[in-house]
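The chain contents come next:
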Amino acid sequence: MSTDTLSSAPGVGGPGKGPLLEVDDLRVSFRTEDGMVQAVDGVSFDVKPGEVLAVVGESGCGKSVTAMTLMGLTRGPNAQISGTAQLGETELIGADDSALREVRGERLAMIFQDPMTSMNPVYKVGDQISEQILAHRDLSKAEAKQRSIELLKAVGIPGAEERIDNYPHEFSGGMRQRAMIAMGLSLEPPMLIADEPTTALDVTIQAQILRLLKQLNTERGLAVILITHDLGVVADIADRVMVMYAGRVVETGTLDQIFYEPQHPYTWGLLGSIMRLDRPRGARLAQIKGQPPSLIEPPEGCHFRPRCPHAFSRCTEKPELAQRSGSPGHLDRCWLSGEQKKTLRTLESGDIGLEDAAA
Amino acid sequence: MGRFVARRLASMVFVLFAVSVITFFIFNVIPNSDPAVRMAGKQPTEQQIEAIREEWGFNDNIFVQYATTMEKLFTGDMVSYFTQLSVTEEIWKGIPRTLSLAIGAAIIWMIFGVALGLYTAMRAGKVSDRLLTVLALVGISMPVFWIGALMNHYLGFELSNTLGFELFPNGGYVPLTDNPAEWAHHLILPWIALSILFIGVYSRVLRGNILETMNEDFVRTARAKGLSERRVLLKHVLRNSMIPIVTLWGLDFAVVIGGGAILTETVFNLQGVGQYAADAIGQLDQPPILAVTMFGAFFVVFFNTIVDIVYAYLDPRIRLEAGDSAS
Chain A
1 MSTDTLSSAP GVGGPGKGPL LEVDDLRVSF RTEDGMVQAV DGVSFDVKPG EVLAVVGESG
61 CGKSVTAMTL MGLTRGPNAQ ISGTAQLGET ELIGADDSAL REVRGERLAM IFQDPMTSMN
121 PVYKVGDQIS EQILAHRDLS KAEAKQRSIE LLKAVGIPGA EERIDNYPHE FSGGMRQRAM
181 IAMGLSLEPP MLIADEPTTA LDVTIQAQIL RLLKQLNTER GLAVILITHD LGVVADIADR
241 VMVMYAGRVV ETGTLDQIFY EPQHPYTWGL LGSIMRLDRP RGARLAQIKG QPPSLIEPPE
301 GCHFRPRCPH AFSRCTEKPE LAQRSGSPGH LDRCWLSGEQ KKTLRTLESG DIGLEDAAA
Chain B
1 MGRFVARRLA SMVFVLFAVS VITFFIFNVI PNSDPAVRMA GKQPTEQQIE AIREEWGFND
61 NIFVQYATTM EKLFTGDMVS YFTQLSVTEE IWKGIPRTLS LAIGAAIIWM IFGVALGLYT
121 AMRAGKVSDR LLTVLALVGI SMPVFWIGAL MNHYLGFELS NTLGFELFPN GGYVPLTDNP
181 AEWAHHLILP WIALSILFIG VYSRVLRGNI LETMNEDFVR TARAKGLSER RVLLKHVLRN
241 SMIPIVTLWG LDFAVVIGGG AILTETVFNL QGVGQYAADA IGQLDQPPIL AVTMFGAFFV
301 VFFNTIVDIV YAYLDPRIRL EAGDSAS
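Those protein sequence lines, which keep their order, are chains A and B. According to this note's numbering, the first sequence is numbered sequentially starting from 1. According to this note's numbering, the second sequence is numbered sequentially starting from 1.
Treat the hints as calculated values from the structure; they're not laboratory data. It cannot be assumed that every hint is accurate.
List of simulated lysine-lysine pairs, DSSO-like, C-alpha gap at most 27 angstroms [stated by the list, open to error]:
1. Lys-318/A <-> Lys-289/A
2. Lys-145/A <-> Lys-124/A
3. Lys-48/A <-> Lys-145/A
4. Lys-126/B <-> Lys-141/A
5. Lys-214/A <-> Lys-153/A
6. Lys-124/A <-> Lys-235/B
7. Lys-235/B <-> Lys-145/A
8. Lys-235/B <-> Lys-126/B
9. Lys-124/A <-> Lys-141/A
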C-alpha cells in the first residue's frame, strides 16, 4: 500500500506526550419502559497519541455506548449522561452542537460495524467522502474529489479513479469497510474509533482490515480505539487492552499484561474461550457459564459475582478499579489476592481460563 | 433501457386490448342495457326497435360488433348511442378541464402532503403531531363527493349569498385561455376537495418513512462526519424518504387523470372527461364508457412506466433490466 501523500496528524509526538483523550467516570443510562438501564457505569480511561487501545467485552457490556457517547451520538430525551471526556481542550460530554460538529471527523472519527448500511445507498461513494471534506474545508468540488481518490488509494482500493463513482452496493464488504476508513481519515484526525469494524466481514478480509489499521497507526501515528468482542483481533494490533463487563471496566493493561498475567476472572474466561488450533480436538469449547446481568438491576457489588466460580464474601462490596498486583498501569476490579489470582487462573491443562465450577 | 421501454409498450397494447374486451363484454351481460330499446324513445314498436338494431349493427355477431366498435374508436367515428355526439370530440373537449383539475391538485397535494409529513415527523410524539395526525385521518376518511358538495354549497353558494359577492364560485369551469384569473378562481374549491385525501395519505406515509430513515445506520454516519443537522435531514433523510412518495405521486396522478376525478368533476360541474364518463354511466351509454376506460387505462400504463424509470433513477440499487448486476 502506498505511503500517504497527506501529512501526519498534527500534535502527534511519541510516547511521553500527554494523553489525547481522558475519560473520567463516564456514566450513561437510558430510560426505558422497564426502568433505567445503566449502560455505562463509571468508565475511566485514557488514550495516548499513536496508541491502539482495544476495548473488549461481550454484547451489551457498554463498549459501543461508551464510544458513541464520546461522539455525542447517544444524546436524546431518554438518555442521562454524566462524567467527563477531555479531548485536547474540548470537553465532549455536554458540548454544544457546534463544538461537536467541529470535533466530529476533524479530531475524532468513528467507523461502525456494518459498512453496507453505514453508507447512504443513493449517493456515490466518492460523493460521500467528499461531503465530509467539503463540510470542514474550503476546497472546490474537484479538489475534494481528488482528495477522495487519494484516500481510497491510501486504504488500498484498486482502481480508485473509477471506483470513486461507484455506489455502495457496487463495492464488496471489505472494500466498503476500507472506504469507510478512508472517510474516517479524510480530515486527518489524530484518533479513530473503530466499533467492531471486522465483525461483519469474513476472516480473511478481517485480517486485511486489521493490517490496514495497524499500518495507519504505525505510519501516521493514528490513535485507534478498537472495539471488539474478539480477542484474536486484539492480539494482532493492540497496545493496551481494556476489558469491560456489564457497564464497567474490569481490567486494563498492556497487551502482554492482559494476555500473560490477567487479573480478573472474566478476563480468564475470555482468554480460556479462545479456540485453540494447537490443541487436540474433542474437548468441548470452553465457555463462561451464565448470562450477563440485567443492567436495570445489576448485582450488588461486583457485577461478575453471580457468574464467578471464585466469588467469596467480599464480592458483595463493589471493587474499585485499582492496581492490586502486577505491574504499574495494570488495573483490575477483583478482590482476590495476587497469589490467588496466579493460582486460580491456571487450569489443569496449563492454559489460562475460568474454572467450570459454578459459584 | 430500450428493451425495457419496448417491453412496456408491448404490455400496454395487451392491457388496452384486455380492458377493451372486458368493458365491451360487460355491457352485453348487464341487464336492461339493450341500447336499441332505449334509443327508440317512449313506447317503441317492435319495428322501430328492429330498425335501430339493423342500423346500428346490434344484430351482428358479437365479435363483429366488437371489431366494428374498435374500428370506430380508432378512426374517430365513435358516437354516443344517445346524444349522437362524437365520443372522441367530447373527450377531447374534456381533457383540458380534467388536466387543469389533476395537475393543479397534484401540485397542491404534493406540496402540502410533504410539508405536513415533514412537520409531523419532526414533532413526532408531541401534541401537535397527534392533533395533525387526527386531522390527516379525518381528511382521508371524508369522501370527496361529500366534502366537495359541502364546499360547493356552503363556501360557494351560501357564502356568496351572505357576503353579497362571489368569494368562491358556485361550480363551473372557465377555460384558461379565456380568463386565467377566473380559471384559477373556479378551480380552487375542486383542487382543495380533491387534494384533501391525498394530503392526508402522503403526510402519513412520509412521516413514517422519515422516522424509519432517521434510525438508519447511514444517518448515524452522516452525523459522525460532523455534518450539520440540517444537511443530515435534507440530503440524507429526506432524499431517501421521498423516493416512495415520488413514485406514489406518479401513480396517483395517472389514476386521477384516468377517471379518479370523476366525483370531483361532477360535484363541481367541471365538464371534464370524468364527468363525461359519469353521465355516460348513468345512461349506460356504451361507446363513451368504453372510450374513457381505454383513455384511463392508457394513462395508467403510461405513467406506471414513467414511474418505474424515475424510480430507477432515484435509487441506484434498482435496475430496470433483470440481470444488470454490479461489477
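A quick look at each hint next to the structure:
no.: 1; hint: Lys-318/A <-> Lys-289/A; in the structure: holds (22 angstroms)
no.: 2; hint: Lys-145/A <-> Lys-124/A; in the structure: holds (11 angstroms)
no.: 3; hint: Lys-48/A <-> Lys-145/A; in the structure: violated (32 angstroms)
no.: 4; hint: Lys-126/B <-> Lys-141/A; in the structure: violated (40 angstroms)
no.: 5; hint: Lys-214/A <-> Lys-153/A; in the structure: holds (16 angstroms)
no.: 6; hint: Lys-124/A <-> Lys-235/B; in the structure: holds (13 angstroms)
no.: 7; hint: Lys-235/B <-> Lys-145/A; in the structure: holds (18 angstroms)
no.: 8; hint: Lys-235/B <-> Lys-126/B; in the structure: holds (25 angstroms)
no.: 9; hint: Lys-124/A <-> Lys-141/A; in the structure: holds (14 angstroms)
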